[in-house]
Amino acid sequence: MFKLNKKDLRTLIIVILLALFAPFLLNPFPTDSALAQFNAGYPDLMQRFVIFGIFAVGFNILFGLTGYLSFGHAAFLGAGSYAAIWMMKLLTMNIIPAIIISVIVAGIFSLFVGWISLRRSGIYFSILTLAFSMMSYQLAYSVLTPITGGETGLQPKVNDPRLLDGALAEGAIPKANLFGLDMSQSYDMSLGAWSFTFNSGYYIAAAFLILSFYLSIRIFRSPFGMMLRAVKSNQQRMTYTGLDPKPYTLAAFVISGMYAGLAGGLLVAMDTQAGAERMFWTASGEVVLMTILGGVGTLIGPVLGSGAIKYMENIISKINSDILHTWFAFLPDGLENVIVAIIYPFIGKGWHLTLGLLFMIVVIALPGGLVEGAQRLSRLFKKGKNKSNENE
Amino acid sequence: MELLEIKDLGKRFGGLQALSEINLSVMKNTVHAIIGPNGAGKSTLLNCIVGKLMPSSGSVMFDGYSLLGRSAHEINQLGISRVFQTPEVFGDLNVLENMLIPCLAKRDGAFRLHALKSIDDEKQLREKAEDVLEDMGLIDKRHMKAASMSRGDKRRLEIAMCLAQDPKLLLLDEPTAGMARADTNNTIDLLKRIKQERDITIAIIEHDMHVVFSLADHITVLAQGTPLVSDTPDNIKGHPKVKEAYLGETQQV
Ligand SMILES: Nc1ncnc2c1ncn2[C@@H]1O[C@H](COP(=O)(O)OP(=O)(O)O)[C@@H](O)[C@H]1O
Ligand SMILES: [Mg+2]
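Top line first, the protein sequences correspond to chains D and L. Just add 21 to wherever you are in the first sequence, counting from 1, and you've got the working numbering. Just add 10 to wherever you are in the second sequence, counting from 1, and you've got the working numbering.
It should be emphasised that the hints constitute simulated quantities derived from the structure, not laboratory data. Every residue gets a Cβ at the ideal spot worked out from N, C-alpha and C, and that includes glycine. Treat each hint with caution, since some may be false.
Unchecked claim - Covered stretches of chain D (in silico footprint by chain L; criterion: 3 or more residues with CB under 8 Å from a CB of chain L, positions within the stretch not fixed): (1) 247-260; (2) 268-281.
To be verified - Straight-line distance between alpha carbons at most 25 Å, and here's what the computed DSS-like set of lysine-lysine pairs gives: (3) K28/D with K151/L; (4) K155/L with K253/D; (5) K28/D with K133/L; (6) K155/L with K28/D; (7) K267/D with K62/L; (8) K27/D with K155/L; (9) K24/D with K127/L; (10) K62/L with K38/L; (11) K138/L with K24/D; (12) K28/D with K127/L; (13) K202/L with K138/L; (14) K267/D with K127/L; (15) K253/D with K127/L; (16) K116/L with K267/D; (17) K253/D with K151/L; (18) K38/L with K116/L; (19) K116/L with K253/D; (20) K202/L with K38/L; (21) K27/D with K178/L; (22) K164/L with K253/D; (23) K151/L with K27/D; (24) K27/D with K127/L; (25) K62/L with K253/D.
What the hints assert, rightly or not - Here are the in silico distance ranges between beta carbons for each label pair: (26) V384/D with R117/L: 34 to 42 Å; (27) G79/L with Q257/D: 19 to 27 Å; (28) Y145/D with S160/L: 29 to 37 Å; (29) R117/L with P167/D: 31 to 39 Å; (30) S224/L with Y145/D: 43 to 51 Å; (31) G49/L with R397/D: 38 to 46 Å.
All chains, please: the whole structure from these sequences, using the hints.
Next up, the structure:
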């Protein structure tokens with residue numbers, strides 16, 4: 022079905038189910054329980070999960086298949102965001118033109134950056150992309166202030182021209198919509214002690230994730246995808262087999278840049294603002310971490326990796342020392358204080374420490390990322406089952 | 011008829027004249043061997059043909075086209091496939107995928123953005139790839155990762171990948187270097203069979219006299235970057251100059 026083999030179809034269905042039922046899956050704890058802290062099923066965060074999922078899925082087409090490690094992809098995401106905002110200022114608050122233009126602008130920008138950076142490979146390629154992303158940030162932050170809003174960033178204003186939309190009443194806030202459907206519209210459902218939120222923006226972003234993911238499976242299984250793996254494996258052999266690795270790598274670079282642009286456009290569709298900080302090089306590093314954490318070159322890895330990182334960023338960073346004290350209140354006071362003091366550096370603003378630790382553990386113990394972890398678990402599980410069968 | 015014609019070819023590396031006044035013709039449907047002591051310039055000559063190195067002077071004509079200034083992938087597309095001294099395959103890919111890549115290159119050229127086709131739909135290419143694998147005795151290993159194969163099998167796969175392109179000229183750079191006697195003999199048999207069964211021209215650089223004399227129709231002896239003699243194997247064997255320059259000092263024929 023959908024021109025996919027059985028295994029790939031199963032992977033796609035898993036992603037679809039995860040996306041559809043995320044509001045339930047991410048809110049497993051009753052609203053009033055102590056563990057509600059760990060619920061992640063609110064619209065903002067769920068939108069981030071899928072949008073950064075798209076970013077990482079695209080990045081994996083470049084990094085996972087060709088092995089070219091770009092440290093500049095946040096620049097394309099940022100360019101997509103700015104383009105989307107401008108569409109909302111000039112044309113309409115409908116998100117469709119904004120998203121289309123964000124993909125196109127990011128595509129053109131990545132064609133330019135890729136064209137130059139791909140003159141080198143390995144570490145020099147990475148450094149070139151890093152240099153581009155730093156320059157882009159600086160341009161957005163200061164030099165191009167008339168286009169990017171500089172330090173303050175960009176937002177649609179009431180009196181922007183917006184050719185296709187009617188004029189707004191003075192003091193109204195322009196709202197992103199899909200043919201009238203407001204992105205921030207939510208429906209809350211209560212089931213006993215639990216509550217779940219279904220948000221229109223989330224589901225639209227999720228639809229884009231599913232589409233992007235499907236497209237990436239198709240690319241992985243195409244002759245083009247095989248050529249990208251050949252680029253990673255042996256460029257010398259490729260050249261003497263009559264193939265030119267350059268345009269293949271550049272095409273992968275541009276495709277991943279367009280994915281980044283889509284993510285940038287969607288960020289604006291969900292929250293109508295853009296600032297230079299989303300182009301900062303740490304944002305480029307984050308997508309590298311997501312891909313490696315989830316499993317480089319695997320289909321579903323980047324989705325899992327971006328989920329894990331965004332979860333930690335948002336959930337662990339919200340834990341503070343008061344919350345720790347309530348968790349460990351059952352311990353004798355002295356011990357409680359010691360334990361809280363040990364954990365404290367790893368929470369709140371220190372969530373990067375936790376991320377770093379997790380990252381180190383994954384890279385050293387599970388080079389295939391979370392996907393490899395899941396595979397090992399399922400093998401262990403199967404072995405256990407076979408054994409118990411034998412015993413019967 | 012000449013398939014490959016090299017005229018007055020020279021190559022300098024800074025102060026070193028690695029090749030000079032090379033005149034050499036490879037006839038269609040023959041096996042042409044190039045031999046010579048270490049450092050004679052054999053690999054340099056091959057690299058000048060396949061587009062890895064740009065000759066300093068002279069001309070290289072192949073099948074009516076000048077090869078000078080063309081990139082390596084263009085030269086392959088004209089019909090020259092090469093085998094490396096140490097086998098170069100796509101280690102991360104399985105054997106069948108290794109075969110599909112040259113098939114795709116032959117059909118689609120140096121670049122094509124076929125991102126939405128499925129590789130599983132390429133039935134014809136698959137058949138072609140499996141035919142060649144069958145012929146080379148690698149069909150049982152088609153799902154094996156190329157990196158995990160033995161050196162002998164990698165060499166075999168590399169030759170299979172070249173043959174999948176139906177090249178006009180197959181170039182081999184010391185294909186038996188570092189091989190055990192048994193593997194060497196297998197390779198000789200394989201190349202003999204390829205020569206008999208296919209409409210193909212082979213140019214082979216070789217150190218091993220046993221290989222050269224069992225395969226070649228024509229031999230060029232290279233010494234210090236220039237051809238010493240170019241003749242049939244029988245005439246080469248008895249040639250005093252060759253004995254002196256090369257054969258006598260290291261190997262008995
Ligand atoms: N890229 C290069 N730069 C400088 N000198 C080279 C280069 N390649 C080969 N040479 C020199 O050219 C001569 C011929 O080398 P080569 O063609 O490898 O010989 P063979 O393959 O016959 O053993 C040697 O003296 C070698 O050192
Ligand atoms: Mg050599």
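Hints not upheld, ascending by number: 21, 29, 31
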